[in-house]
Amino acid sequence: MLKEMSIANGGLLPHQSRINPPTLFALFVLALPVAAQSPIHLADRIVAKSELQSLHATNLVFRSVADPMAIEVPRENLVRWGTWPGVVKQRAAWLADGSWLAGEMHFNASGKLEIDNDWIQTPAIDLPMLRGLVLTPPASLRRWSELQQQMAAADGTQDIVWLNSRQRISGVVRWPTNSDGTEIQHLNLETSNQTTEIDIDDVQAIVFSPTLLGPMKPHTHSMLGLVDGSLLRVAEVTIADSRVRLRLSGLDLISYESAAEFCQAIAYLSDQPKRNTFLQDLQPASYRNLTETKLQWELGIGQDVSGQALRSEAGLLFNGLAMHSASQVAYRWDGSPGQFLAEATLAPLDRLSAPLGSVQCQILLAREGALQKISEFELTRQSGAQQSQLVDVEIAGAQLIVLLVEEADFGQYGDQVFWLEARCCSK
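Going from the sequence shown to the working numbering is simple: count from 1 and add 610.
Hints may be right or wrong, so weigh each one.
Ranges between beta-carbon positions, derived for each pair [unchecked claim]: (1) Gln1009 - Gly766: 44 to 54 Å; (2) Lys1037 - Lys983: 21 to 31 Å; (3) Ala850 - Glu682: 18 to 28 Å; (4) Gln992 - Ser750: 51 to 61 Å; (5) Glu682 - Lys983: 33 to 43 Å; (6) Arg778 - Ala895: 35 to 45 Å; (7) Pro684 - Asp1002: 15 to 25 Å; (8) Glu682 - Arg778: 21 to 31 Å; (9) Ala676 - Glu807: 51 to 61 Å.
The list that follows gives simulated cross-link-like pairs (lysine-lysine, PhoX-like), each with its CA atoms no further than 25 Å apart [unchecked claim]: (10) Lys827 - Lys884; (11) Lys983 - Lys1037; (12) Lys699 - Lys722; (13) Lys884 - Lys983; (14) Lys722 - Lys827.
Simulated from the structure, these hints should not be mistaken for laboratory data.
These numbers were taken from a predicted model, which means no experiment stands behind them.
Beta carbons are placed, not taken as given, at the ideal position from N, Cα and C, and that holds for glycine.
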């Protein structure tokens, strides 16, 4: 049987060497950045630059930078606040419900995985609840996004090991049993008729037999992301003895500290209100891209035009459309009263130092056979210029909703626009 060992940043360390969670909490609070300021996307409106103040079982309380009055939001009315920072600092376990749980890892004597998270107490996790592990976190958000997509796309009946050398090996992972209690420095990978010993420090990530585990079936749209990279699909939130209790699918978590202090660790919140219809879930009535080059840009649905994750400078996002200039897309609407809401923003640039990217955006509605321009704005990366726009337009009587992105200056360099949380809210 496995002795109690921990997967620490430099390898596997004895469980007794772990830092006390309250000590970790105190150290982490000192390292926290200023509270995030992000728009609150609600079912029927968007509030700019707001901070999370408190978390309750049935509602959330925010404070807008522009208005000192508290904004109380029922949980079922929230679409999104913040961004998920991704797994770039700590090791993390990928759970069967799609959650990511970051922290120091160790296997106990029963062969279960235990995780010491900076913010939440976590019970031992049965191995069948794991879809994968990240043992060497990528150094950047872009690298993490690439690795996450590769892990999600993995298939086959065997376990898959990503090495830091970027080599990928398939087989059956076996964790060694060190009866003398010494550190575990390697894992064994059985392939065909041989066993390969792999140093833990050489492993970037592991995905466990994707075909045998079957397709992932997240049980809830409600997600909560922490500053340490954890992303939790939360089925229920309760407050007991001032601490936050989060119920996942088959796993219950409890915050170490009070709900007020736990709020400091929250970087991302999202859900899908029943009143909202998200455009990424609909089939477009039409789409076209009129490019200056031979390269044709497809409509990004829940991803950017290159097939990568939607992201900002601060983190990853999950809901929205991506359009490159010059493009237009149309969606059908039944004419009923409602609003179209979105956050239109230029996609971040990775490799260009010059602030390129400038577009003209329009929102048009087809009413009674005539196309009407309802909104028009420019987005550009030039210093002091507008890089994002909060959109809220009435769509009563519309048969079509048309989004148009046209090039402005600099040709088409950097002209990718994200329509984040693009949705229609019925009245």
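What are the numbers of the hints the structure violates, in ascending order?
-> Result: hints 4, 8 and 13 break, sorted rising.
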